[in-house]
Amino acid sequence: MVNVNNMATHEHDYHPPGLQHQFEDMKQQEESVALGMWAFLVQEIMFFGGLFTAYLVFRSRYPMAFAAGSNHLDAFLGGLNTLVLIVSSLTMALTVYYAQKGKRMMQVWLIILTMLFGTTFLVVKYFEYSDKYHHGLVPVTGLNKRTKAADPNAPKTEGTYVNTRSEFQWHDEKGDKIILEAREKGYLTPHEEIGYFTNGELDNNKVRDKVRIFFWIYFVMTGLHALHMIVGLGIMMWLLWTAWRGAYSADYYSPVEMSGLYWHFVDIVWIFLFPMLYLLGRHFLAGGH
Amino acid sequence: MQNVDAVNSDFIEKEPKMNYLTNGFTLKSWLLTKDHKRIAIMYLITVSAFFLIGGLYAATIRLELLTPQSDLLESGTYNKVFTQHGIIMVFLFLIPVIPAILGNFLLPIMIGAKDLALPRINLLSLYIYWIGGALIMYALMQGGVDTGWTFYTPYSTTFSNTYVMATGLGIFINGFSSILTGLNFIVTVHTMRAPGMTWFRLPLFVWANYATSLVMILGTPVVAITVLLLALERIGKVGIFDPAIGGDPILFQHLFWFYSHPAVYIMILPGMGIISELISNFSRKKIFGYEFIAFSSIAIAVFGFLVWGHHMFVSGQSIYAGLVFSFLTMVVAIPSAIKMFNWSATLYKGSISYDTPMLYAIGFMGLFLVGGLTGLFLGSMGLTVHLTDTYFIVAHFHYVMVGGQVLAYLGGLHYWWSKMTGKLYSEFWGKISAMLIFVGFNLTFFPQFILGYQGMPRRYASYAEELQVLNIFSTAGASVLGLGMILPLVYLTHSLIFGKNASSNPWMLPGLEWRVPSPPPTENFESTPIVTWEAYDFSDENGLDLEEARRRHLATIV
Ligand SMILES: [Cu+2]
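Protein chains in written order, with our numbering: chain A, 1 to 289; chain B, 1 to 558.
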């Protein structure tokens, strides 16, 4: 920055490391950066908020289909991932602590650990997605495993599994039975009365479409969350590099703190996603596929 | 800083100093700048270009509607033309115009800061705006979009064969530009105020931009995710808005308007901020009810989030929801009315000078009054059934958007032109164009209220024969309006080369921005100012003599 005015502002010649020209002192800079980060997280909440709204709307319309759909998610893997992320939040928080202490190697190791947990999460997520691919549970036609009509090795859900056109598939006799029971007891929502039945008969195509909405929301929400994880890992990479060079000390650690805020935010989103997608309504259809 | 010194310093010949414009002439010094003023100028150029393109579409629409038949354009082409007009004007012009240009330039100076708190984020937001704009332009050149700027599903997801994806992506990307601008403003107002610049000494333009920023960071992400869902649904050929599988196209409208109604306030609040500045400064009188105006901005930002359902009265929303939304719509009119009353009270017994910016401000008050009150017609549940999707609503929102935001923007641009460029524009031509715009605007859009009331639907290339007379009026008015809009482009550009040099305070006003040189140096202030005065303080102690101001004013104006 060219100094045009022979600035009288900088009477003090001492310039702390990392202080940008527009700020008077480190305190002002830290406050600004922290407020900026919080404002960013607020906009992130609103961004995910649209999806949470969509989830709420359709869950309240088709609770049985959502319960049936969530029964085909692996709650163990989901739970494992929840644990992994919670531990990664701990290591992240410790990174901030050691950055404040200025302990370089502790920061480096903790960042590596955090990245390791983040990666574990994504790997588990990959296995979950590929399971859906094999079972024809990806809502978009063309993104499911294509099988030949008589492939004996094709994975089985309930009934014979044939998916020649790579379509979204839905076979769940247990789920169907419970929907019928719920109708007898009068538990179905008005949307469900229309949404699952044709002329009073349970219509598998109609049920499939409602479950398809569940999986659509599942993939968009977890997909966007995974994207945030990947961005988080990118930030961690940069943090690792700067921490390795010993950039952080008691005087200057706000990049670590800010990255930590982002990381925790992404974890918290998952803390909401896990029960919403994996757990709610499972007791209706305990047992799984 | 002593105010008397600030005024007197004008008369002392200073050595020519480096200002933000002369600080580097290379392309790189512009494209990689972190200076909020340079970023504002780059916004000014791009936003103006988009305004011109959007204006050409408007001209095409008015030409087509000169005759009842669809003769100039086919219906399909007409759909694209009004869609592109809407998309460009809303997303690329109205939303960024005041915050990103005038806000960017003035907000740091008005609060006594060297720059925005996050200059790199500011530059990033400009690049995001360019990328988003380029994508929208790309879609337009490939053949355009015909969904209307509202992208209603399932037409936009399933049936439209136009470039919805590229446009949607452009809007998605563009949204983050406005989010980052809003974020930056919020942080800056909180942390960068100079010593003594308390919250209640902030100019009302700053308050207005702060309120706008709240809407930007709370609302824009929602439309971003909505457009993303729409795009995914188009790619995947399945999704939650698809009624064929039990999805809900109305949910799209809810999510869309949850942002797009508050977005209306992104498009008017900054304008109201400028009007507060102009009314007070050109009446040379402390603004009446400062706190009320400041908090009414915040109230508009908050209540604006609770009224989106008034766009959906006839979309099958329950009548009880409709009642609540109708009531809240009336409620949100109150803070706007508070502003109008306070502006009027400020004018009372003020020493009003009718310079170009003030003409725009007075024009704003008239047009916004009409726009705002007709909004109440549309917010009442019974009448709106008759008026929905007619030209009445087209006239209503143009009165608010053009009569409000565009007039305020032009007023602000003239008002701060000398500060931004260091040059004086021609007052004569300024006044002519302000009046042309006012007359042309009314001639264009007032007939549309009547047309709408008579039942002319919006978004059709043809209409019933008996409506032609009023449509001819409207098209004639559009020509006058167009001329009025072209004039500033000419004389403002002219002033850059031939205009007289401006003093630091050509209007003789007390605001902080008038205490720095025109154009300001890169770091704005030689030393951090210490603010000891209230906003709009025209008392004698502040060293601003009205007679002296008049004398100098006459001396400087061509
Ligand atoms: Cu609205």
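Honestly, the hints are just simulated from the structure, not real lab data. Positions of the beta carbon are idealized from the N, C-alpha and C atoms, including for glycine. One should not assume that every hint holds.
Unchecked claim - Examples of chain B residues toward chain A, derived with CB under 10 Å:
| # | residue |
| --- | --- |
| 1 | Ala-113 |
| 2 | Leu-116 |
| 3 | Leu-123 |
| 4 | Leu-124 |
| 5 | Leu-169 |
| 6 | Ile-173 |
| 7 | Phe-176 |
| 8 | Asn-184 |
| 9 | Gly-196 |
| 10 | Leu-228 |
| 11 | Leu-229 |
| 12 | Gly-247 |
| 13 | Pro-249 |
| 14 | Gly-289 |
| 15 | Glu-291 |
Here's how the hints hold up against the structure:
1. The interface hint given for B/Ala-113 is met, as the beta carbon of that residue sits about 7 Å from the closest beta carbon of chain A, less than 10 Å.
2. Annotation: interface hint on B/Leu-116 holds; nearest CB of chain A at approximately 7 Å, less than 10 Å.
3. Against a cut-off of 10 Å between C-beta atoms, the interface hint on B/Leu-123 is violated, since the closest Cβ of chain A lies about 13 Å away.
4. Taken as an interface hint, B/Leu-124 does not check out: its beta carbon lies about 12 Å from the nearest beta carbon of chain A, beyond 10 Å.
5. Given the 10 Å rule on beta carbons, the hint for B/Leu-169 is violated: about 15 Å separates it from the nearest Cβ of chain A.
6. With its C-beta approaching chain A no nearer than about 14 Å, B/Ile-173 sits outside the 10 Å limit, and its interface hint is violated.
7. For B/Phe-176, the interface hint holds, since its Cβ comes within 10 Å of a Cβ in chain A; the closest pair sits about 9 Å apart.
8. The beta carbon of B/Asn-184 comes within 7 Å of a beta carbon in chain A, closer than 10 Å, and the hint placing it at the interface holds.
9. Interface hint status for B/Gly-196: violated, as the beta-carbon distance to the closest one in chain A is roughly 14 Å, over 10 Å.
10. A cut of 10 Å between beta carbons decides the hint on B/Leu-228: the least distance to chain A is about 8 Å, and the hint holds.
11. The beta carbon of B/Leu-229 is positioned within 10 Å of a beta carbon in chain A (closest approach about 7 Å), and the interface hint is therefore held.
12. With 10 Å as the threshold, the beta carbon of B/Gly-247 comes within range of chain A, its nearest partner Cβ sitting at about 6 Å, so the hint holds.
13. Nearest Cβ of chain A to the Cβ of B/Pro-249: about 12 Å, over the 10 Å cut. The hint is violated.
14. Interface restraint check for B/Gly-289: the shortest CB-CB distance to chain A comes to about 29 Å, outside 10 Å, so the restraint is violated.
15. A hinted interface residue such as B/Glu-291 counts as satisfied when its beta carbon comes closer than 10 Å to some beta carbon of chain A; here the least separation is about 24 Å, so the hint is violated.
Taken one by one, the earlier hints fail for this structure at numbers 3, 4, 5, 6, 9, 13, 14 and 15, listed in ascending order.
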